[in-house]
Every structure is written in structure tokens, then in C-alpha cells.
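Novice: All chains, full assembly: derive it from the sequences and hints.
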Amino acid sequence: MTEQRGHITLSELQGRIESAVTSALPLPLWVCAEIAEMKVNYSGHCYLELVEKSDDASNGTATAQARGVIWRTAWPGVESRFRRENGTPLAVGMKILVKALVTYHRLYGLSLQITDIDPSYTLGDMERRRRMTVEMLQRDGVWDLNRSLPMPEVVQRIAVVSSATAAGLRDFLRQTERSPYAFRIELFEAVMQGTASSDSIADALAAIAEREQEFDAVAIIRGGGGASDLSCYDSYMLASAVAQFPLPVITGIGHDKDISVTDMVANTMLKTPTAVAVWLNDRAAAFDAGIEAAAARLNESCIRLTHIQSLRLQSLALRCGSAAGARISSARTGAEMLEKSLKRFAESALQREEKRLDSCASITANFAPQRLMRLGFGIARMHGKALRSTEGLHKGDVFELEMCDGTVSAEITGIGMGKES
Amino acid sequence: MTYGEAMAEIEEIIASLENGEADIDSLSVRVGRASELIALCRSRLRKAEEEVKRVLEENRTEE
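In order, the protein sequences belong to chains A and B. Note that the first sequence covers residues 1 to 421 in the working numbering. Note that the second sequence covers residues 1 to 63 in the working numbering.
Source of the hints: derived by calculation from the structure; they are not laboratory data. Backbone N, C-alpha and C fix where the C-beta goes; we use that ideal spot for every residue, glycine too. Where hints are given, some of them may not hold.
[Stated by the list, open to error] Okay, the calculated beta carbon distance ranges per label pair:
id: 1; chain 1: B; residue 1: 56; chain 2: A; residue 2: 404; range: 47 to 55 Å
id: 2; chain 1: A; residue 1: 354; chain 2: B; residue 2: 21; range: 21 to 29 Å
id: 3; chain 1: A; residue 1: 354; chain 2: B; residue 2: 32; range: 17 to 25 Å
id: 4; chain 1: B; residue 1: 56; chain 2: A; residue 2: 388; range: 49 to 57 Å
id: 5; chain 1: B; residue 1: 4; chain 2: A; residue 2: 322; range: 18 to 26 Å
id: 6; chain 1: A; residue 1: 339; chain 2: B; residue 2: 20; range: 44 to 52 Å
id: 7; chain 1: A; residue 1: 333; chain 2: B; residue 2: 51; range: 21 to 29 Å
id: 8; chain 1: A; residue 1: 339; chain 2: B; residue 2: 32; range: 36 to 44 Å
id: 9; chain 1: A; residue 1: 405; chain 2: B; residue 2: 56; range: 32 to 40 Å
id: 10; chain 1: A; residue 1: 390; chain 2: B; residue 2: 21; range: 45 to 53 Å
id: 11; chain 1: B; residue 1: 21; chain 2: A; residue 2: 343; range: 39 to 47 Å
id: 12; chain 1: B; residue 1: 26; chain 2: A; residue 2: 333; range: 51 to 59 Å
Specialist: What follows is the structure, given as C-alpha cells:
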């Protein structure tokens, strides 16, 4: 037998809770919480799942949870103000400060009817998280790593991290195709916004890192469409992966407000995907112009050099010609002088010989017997032999005396002594 | 006989004439020989002169 105890109905219980809640919390309160889930239904109401997490780093466990709703009468105003002031829409993972009236419904239980959200609270929280990320990267010593990588003079092989359907990617591809320079672009698909994007982009980067040698740089591009949740670009995980990436990273994330931490650590930060394409084209063009200028300078210096050398050759040729001329003329003068002196020498030698012969002839002529005899000398001969001395001659000897015009016979009548004997 | 040999013989003859070595009978022979040699030398000299003139003339036209 079941004992009948005093009891109340469920609706009575819920009614009591409802009145307790209403009397305990009669006015709206400002409550801070994190968005765990969020959806706007067909009728235009926004339903939220709000949580509070324990402080142990990022993956803290929920310590409190409540449902929230923003009726369609309030939602457009709240949403647009938030987006205008923070540059980003409300998104899962954000900490928000809401003005809420606590209500209790007999059927649906406890719910927070949100009438307002303070955008500056979220902004401050986002800013605080950004600062923390920056500080952690600096403490890790990776802050400057990607920015200190040298960017190649010409960036031609580009690994693009983007979503295949993004309008920004289409802009980027259209712009690069228009360029006169050839770019080799390979897409590594990733989710580019929302909570999953941080892991997704990091996975794409890891896939590129495996083929590092095949690329000059990485471009992370996103863009187009309305405002979206870009808080992933401030996440420590993604910014750290970009900072330590072995290839220079170019960002073109396409946000209108503050630059993200990922932008700060990237080698080159640009506003939009189109800006990335323009930058690539300009860099190639600058290099091309450099080559053109170098070629022009080379050409110029070649011309100058050959001109200088040809002038030098001309002057050398002139000098050579005049030197040779001088040399020839001096040689000719020398030769003429030599010829003259040779002639003089030969003549004087001949004359000398002539004189010598003359003198020989006159000496010889002096000794000619005919001349001597004409001068009165005679040749005494005995037995055909010329007499040169009185020696051996005797009185009565007969001898012959030859004179210029004839011969006489004579007899020695006496011998006298001459001076010589 | 070269000019030098002829000249040497002339000098020799003159020397023998001047120091009175030769007797009177060889005198006319020596004088004759010397005259002959002198004539030879003269003709050689003339030829040499012509040769020199010709060579110098040739040099000039060769230039």
C-alpha cells in the first residue's frame, strides 16, 4: 500500500521557482560569459549557450552554463552595433558582457533574455588575448623569425593557403593571371575563418613545409564576403606556426580593423589578396627593370670602353707613324751622311794610293840608268861586269864606259884613292 | 797578283834602290819591274774608282 504523502504538482513547483526567481532577480543584470554555441533561427531570434570556464589555460572545463536568447526585436540592433564597434561579428569562443533579465518558464526552464551586449568588453578581452599571444611569441624567441627570412628577389613559386570558394582567392588568381610574369601557384585548402580555422591553416602550413624546396613563399589569403570571426589570426597556435615557418609568409587576410598577430609575425603583411598579387607582380617587375638597367649599363660601358680603346689605338697609330717617319728620316739622313763619307773616304783612299803610286813612280824614275847617264854618269864595265870599286884594277887594264848615247873603250893610266876607300 | 802584293813589291824595289843594294846592271831591270807594277796598280786603282762610283750610284737608285 502506498502511503499518501503531502505533494505538489510539477506546474506548482515550476510556478514557485518562477516566482522565486522573479522576486530574487526582478531587474536585468550585467553578466559576463563566453559563447559556447550560437544560432539564429528561421524566425530571427538568436539562441546562445553561455558558459564560464575554469581558468586553467585555454581548454578549461565549464564551471557554469546557461541558455540565453536575444529576441528578433533586439537582435539586429545588438548585432550591428557589436560588429560596427569591434570590426567582427559575434562568434563562438568570444567573451561577452550581456544585459540579461533572468526568466523562468514552466516548460523551458531558466533562460537569460538578453537585451544588450557591451561591445567594448569583448574588444578588451580580445585585445588582452592578443597581447598575451604577442608576449608569448616574444618569450619563445620566435617573434622575428619569419620576418628575418630573406624574401627571394623574384617570388614565382607560391604556396597559397586559402579556401577554394573564397572570393579573395578568385581576385588573387585573376590578378596574377593578368600579370606578364609567370607564377606557379598551388592551393593548399583550409578553413579561413571561425574556430576551426586555426587548426586547419596550421595543417595546410605543415603540408607545405614537407615540400619546402618547391616554393619561394607562402601566401595566406582570405577575403570577400561580410565581416567574420577572424580571432583565429590572433591565436597563439597559428601565429607561432607562421613565425617559425621556414619559408617567408605573405598575408592578405583582408580585414578592415586592427592587424592580427599573424600579420605581425609574417614576413610581409598586405591588406588584401589583390594587394598580394599586385605586390608579387611589382616585385617581379622591379627585378626585371633591374636586369634591363644592368643590360643597358653593360651595353653603355662596352661602347664607352671600345670608344676609349679605339681612340687610344688611333693615337698610338699616329704616334707610331710619326715616330717611324722620324726614325726613317733620321736613318735616311744618317745613310746619306754615311754614303757621303763613304764616298769621301773612298776618294781620299784612292787619291792617297794615287799619290803613293806617283811618288813610287818618281822615285823609280830617278833611278832609271838612262836618266842617270843623261845627267853625266857613265857605267864602267870590264868583261861585261859593272865596276863598283877600284879594287882589283891595275894600270893598263882596259874597260868600257857606257854613256847615254854610246860606249867608249878606255885604258887605266893611274889609280888614285877616292874619299870612300 | 793583288794590288797589295804589287804594292809590297814596289816598296821593296824602292827600298833596295834607296839603300843602294842593287848593282847598276840590275837597276834597269828593277826600275822596269817597278814601272810595270806601278802601271798595274794604277789600272787597278782606276778600276776600283769606277767600281766605287758605280756601287754608290747603284745604292742611290735602289732607294
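Novice: Give a verdict on every hint.
Specialist: Tested hints:
1. 56(B) - 404(A): 47 to 55 Å: holds (48 Å)
2. 354(A) - 21(B): 21 to 29 Å: holds (28 Å)
3. 354(A) - 32(B): 17 to 25 Å: Roughly 21 Å apart at Cβ, these two residues keep to the hinted range, so it holds.
4. 56(B) - 388(A): 49 to 57 Å: Distance hint for residue 56(B), residue 388(A) holds at roughly 53 Å.
5. 4(B) - 322(A): 18 to 26 Å: violated (49 Å)
6. 339(A) - 20(B): 44 to 52 Å: With Cβ atoms ~48 Å apart, the hint holds.
7. 333(A) - 51(B): 21 to 29 Å: Roughly 26 Å apart at Cβ, these two residues keep to the hinted range, so it holds.
8. 339(A) - 32(B): 36 to 44 Å: holds (41 Å)
9. 405(A) - 56(B): 32 to 40 Å: Given range 32 to 40 Å: violated, Cβ gap about 51 Å.
10. 390(A) - 21(B): 45 to 53 Å: violated (21 Å)
11. 21(B) - 343(A): 39 to 47 Å: holds (41 Å)
12. 26(B) - 333(A): 51 to 59 Å: holds (57 Å)
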